[in-house]
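Residue numbers (my numbering), protein chains in the order written: chain A, 2 to 404; chain B, 2 to 404.
Misleading hints may appear alongside valid ones.
[Stated by the list, open to error] Footprint (simulated), chain A over chain B, 3 or more residues, beta carbon under 8 Å:
id: 1; stretch: 30-41
id: 2; stretch: 67-77
id: 3; stretch: 80-87
id: 4; stretch: 142-153
The hints are simulated quantities; they were obtained by calculation from the structure and are not laboratory data.
In this text, all values refer to a predicted model and were calculated from it rather than measured experimentally.
Think of the CB as a built atom: it goes at the ideal place given N, C-alpha and C, for glycine as much as any other residue.
Number of protein chains: 2
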Amino acid sequence: MPPRERMDAYADLIVRVGANVQEGQDVVVMGWIDHAPLMRPVVDAAYRAGARYVEMSYRDDYGRRSLAEHGAEDVLSWTPPHSLLRLQDWADRRVAYVQTLGDADPSLMAGIDPARVGKAEPYEATKLLRRLSNEAHWSRTIVACATEGWARQVYGEPDIERLWDEIFAAVRLDEPDPIAAWQEHIATLKGRAGALNDRRFDAIHFHGGGTDLTVGLLRTSRWIAATDFTHWGLEHCANMPTEEVFTTPDRRRTEGVVRATRPFNWYGYTVGGLEVEFREGRAVRVDADDGGGFIRSQMDADEGGAFLGEVALVDESTRIPDRIFYNGLFDENVACHVAYGNAYTAAAEGAEGLSPDELREQGVNVSATHVDFMIGGPEVDVDGVTTDGERVPVMRQNRWVLD
Amino acid sequence: MPPRERMDAYADLIVRVGANVQEGQDVVVMGWIDHAPLMRPVVDAAYRAGARYVEMSYRDDYGRRSLAEHGAEDVLSWTPPHSLLRLQDWADRRVAYVQTLGDADPSLMAGIDPARVGKAEPYEATKLLRRLSNEAHWSRTIVACATEGWARQVYGEPDIERLWDEIFAAVRLDEPDPIAAWQEHIATLKGRAGALNDRRFDAIHFHGGGTDLTVGLLRTSRWIAATDFTHWGLEHCANMPTEEVFTTPDRRRTEGVVRATRPFNWYGYTVGGLEVEFREGRAVRVDADDGGGFIRSQMDADEGGAFLGEVALVDESTRIPDRIFYNGLFDENVACHVAYGNAYTAAAEGAEGLSPDELREQGVNVSATHVDFMIGGPEVDVDGVTTDGERVPVMRQNRWVLD
Chain A
2 MPPRERMDAY
12 ADLIVRVGAN
22 VQEGQDVVVM
32 GWIDHAPLMR
42 PVVDAAYRAG
52 ARYVEMSYRD
62 DYGRRSLAEH
72 GAEDVLSWTP
82 PHSLLRLQDW
92 ADRRVAYVQT
102 LGDADPSLMA
112 GIDPARVGKA
122 EPYEATKLLR
132 RLSNEAHWSR
142 TIVACATEGW
152 ARQVYGEPDI
162 ERLWDEIFAA
172 VRLDEPDPIA
182 AWQEHIATLK
192 GRAGALNDRR
202 FDAIHFHGGG
212 TDLTVGLLRT
222 SRWIAATDFT
232 HWGLEHCANM
242 PTEEVFTTPD
252 RRRTEGVVRA
262 TRPFNWYGYT
272 VGGLEVEFRE
282 GRAVRVDADD
292 GGGFIRSQMD
302 ADEGGAFLGE
312 VALVDESTRI
322 PDRIFYNGLF
332 DENVACHVAY
342 GNAYTAAAEG
352 AEGLSPDELR
362 EQGVNVSATH
372 VDFMIGGPEV
382 DVDGVTTDGE
392 RVPVMRQNRW
402 VLD
Chain B
2 MPPRERMDAY
12 ADLIVRVGAN
22 VQEGQDVVVM
32 GWIDHAPLMR
42 PVVDAAYRAG
52 ARYVEMSYRD
62 DYGRRSLAEH
72 GAEDVLSWTP
82 PHSLLRLQDW
92 ADRRVAYVQT
102 LGDADPSLMA
112 GIDPARVGKA
122 EPYEATKLLR
132 RLSNEAHWSR
142 TIVACATEGW
152 ARQVYGEPDI
162 ERLWDEIFAA
172 VRLDEPDPIA
182 AWQEHIATLK
192 GRAGALNDRR
202 FDAIHFHGGG
212 TDLTVGLLRT
222 SRWIAATDFT
232 HWGLEHCANM
242 PTEEVFTTPD
252 RRRTEGVVRA
262 TRPFNWYGYT
272 VGGLEVEFRE
282 GRAVRVDADD
292 GGGFIRSQMD
302 ADEGGAFLGE
312 VALVDESTRI
322 PDRIFYNGLF
332 DENVACHVAY
342 GNAYTAAAEG
352 AEGLSPDELR
362 EQGVNVSATH
372 VDFMIGGPEV
382 DVDGVTTDGE
392 RVPVMRQNRW
402 VLD
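Kindly produce the complete structure, drawing on both the sequences and the hints.
Okay, structure coming up:
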């Protein structure tokens, strides 16, 4: 376990930059029972930052495992009534909501029917949590917590110290003043988003290393980076680390061939050597050395599965080491990526609140899936394409060049 | 950690004898995050017993520590609204409620102002929990879970295996059929309570080894043992282990001198060589080799502090080793004991629902404190005294003899 001073510094960063806890604000710190070594310092840090009352909320997926194993079919997705009341209470009190992420036991669900595991989730609570988060009822941040189980998954051995070191480096705790380093980092990412929004590119073109892909954008596409705002205007940083600038593309206008620049893992499926060809938005050919069948079955699962829902730019300044981390906070932020499946309505002006049919009509993709894969690297250059067809360099040799 | 089969056997006992989980009943398993090794098997055991839905609820007193250290005075005893809604939801659903007990870190509150620690508790939630428990809205059992911190407190070293062995022996898991052994044990204790209730003794007399104490009983005193019933009639065993038969005495009629037969610990205060003299119910003299000042200050704290609120009989068949366990489940159940301070209204017929003044008027003690100390042993005999003054042997040489 890292010394208490480093955990305290991490906790301060989470509270001050991530959730941006305000004087007098209530705070919820939620995580797995294995995350106590981080959650406890976060509680203290929240009080130091002026929190009024801090609540700890512990999860243990063993309950979900046992439910999936033993529960009746009609109980699997049941929600205890008080779970909904708790979420509403948090929203009413405009809490700061810190969630720690880090799989405690990747083999927990071994031997349990995956279909039942998938259903063993309190449906109404998940739906309400998503709605309240989308409506920005709290300042929320999701941060990583090392566990032995997660370290074993990443390194093949339970080297939790190494994982802590990589987490701390990824969130800039190795800087002399991490909070100032984050303010600078956020300004850099917002500067990139601003430059892209100023240009109002019609498309993004990735080319090199076997990739020649044009991702058409919407006239309403809005590039987003680093921070969000609650409905009452409190800025917060929803993910730490965060390295990307991303937007919602026009689902109908992806053209060409793209090669994944590294293997990736999705809930236990490893995909390597992926190449996808798009025509008029749709993936028409999927080849892979490993896992191609998995990708094709996901893309076929619903109407929007074979269309892009996200395009994101990450350059070589990323703090994420080039390795599979089996963790969304890390694996996305290592390089430029696209995702097939559902789009973020927040990244398309005027899209929030529209029906699925209205979204598709406007070119915003809708799907039950959303899978990112990395397409960036030194061999892949990135251009912005204007409505006049002019090509403006955005990234060269994996470095950001757009002013 | 004990092998999974022993934990499963313990979990089955907790679920089937303790909470008496019924087919289709919802279950709550609550404990400290350090109790996962017991709580998880209890979840599985509950489903095996026919539970519909099992919820895990984890506590971490670190939150309380941090609140006591940093929180504003007027926030210390604040209750988040959803906490009350959760308790009411559990009552509405008539859950079985398993609580695991076992201090994870006895030094957790070191360095924090004890007065602030005392206040750092959600007052409205504690009050509602007590009311719903008293009104028997759930089948509830409190059971022990070994932790390294607790083992260190008991043995001076973190010998958690030894503590598990002693817990398992105390709850009769060393019997060939623990559930049958419990049914027999419960029948024995209820037999004792029945014999005492049949006699309607006017007083209990402890004599020998320097003790000569008469504890006057009420005409409404009711001896209770082993099990309780929910308001809809489900029998359950609220404490495991349980070895005592107890009742509420007449606060006005304790007379004589009593010697504690072993040292005891109360929230960090160790009391040794205690001798107390009572006249007309009140403790008029308190001597002790250690801790006398603590006892006197507690007795002086309010009007009922110096009067008895409980008398309990435990004989040599107890499964609890003769040692300070720093845990209420164990320390009470080692020998006959009395408690100064608040009385159990359930053990005095017609007392439930009365006001404090009405209770005192009837001879039922009322106080903010309730401290047990052990007065039984081989040198102390116990008689029941009838209204005619006849003395009937109840215990001889620490063995139960009343038919």
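Okay, the hints, checked on the actual structure:
1. Requiring three or more residues with a Cβ within less than 8 Å of a Cβ of chain A, the coverage given for the stretch 30-41 of chain B holds, as 4 such residues are present.
2. Look at the stretch 67-77 of chain B against chain A: 7 of its residues bring a Cβ nearer than 8 Å to a Cβ of that chain, three or more, so the hint holds.
3. Counting residues of the stretch 80-87 of chain B whose beta carbon lies closer than 8 Å to any beta carbon of chain A gives 5, which meets the minimum of three for the stated coverage.
4. Given a C-beta distance limit of less than 8 Å, the hint that chain A covers the stretch 142-153 of chain B is violated, as 0 residues qualify and 3 are needed.
Of the numbered hints stated above, the single one contradicted by the structure is hint 4.
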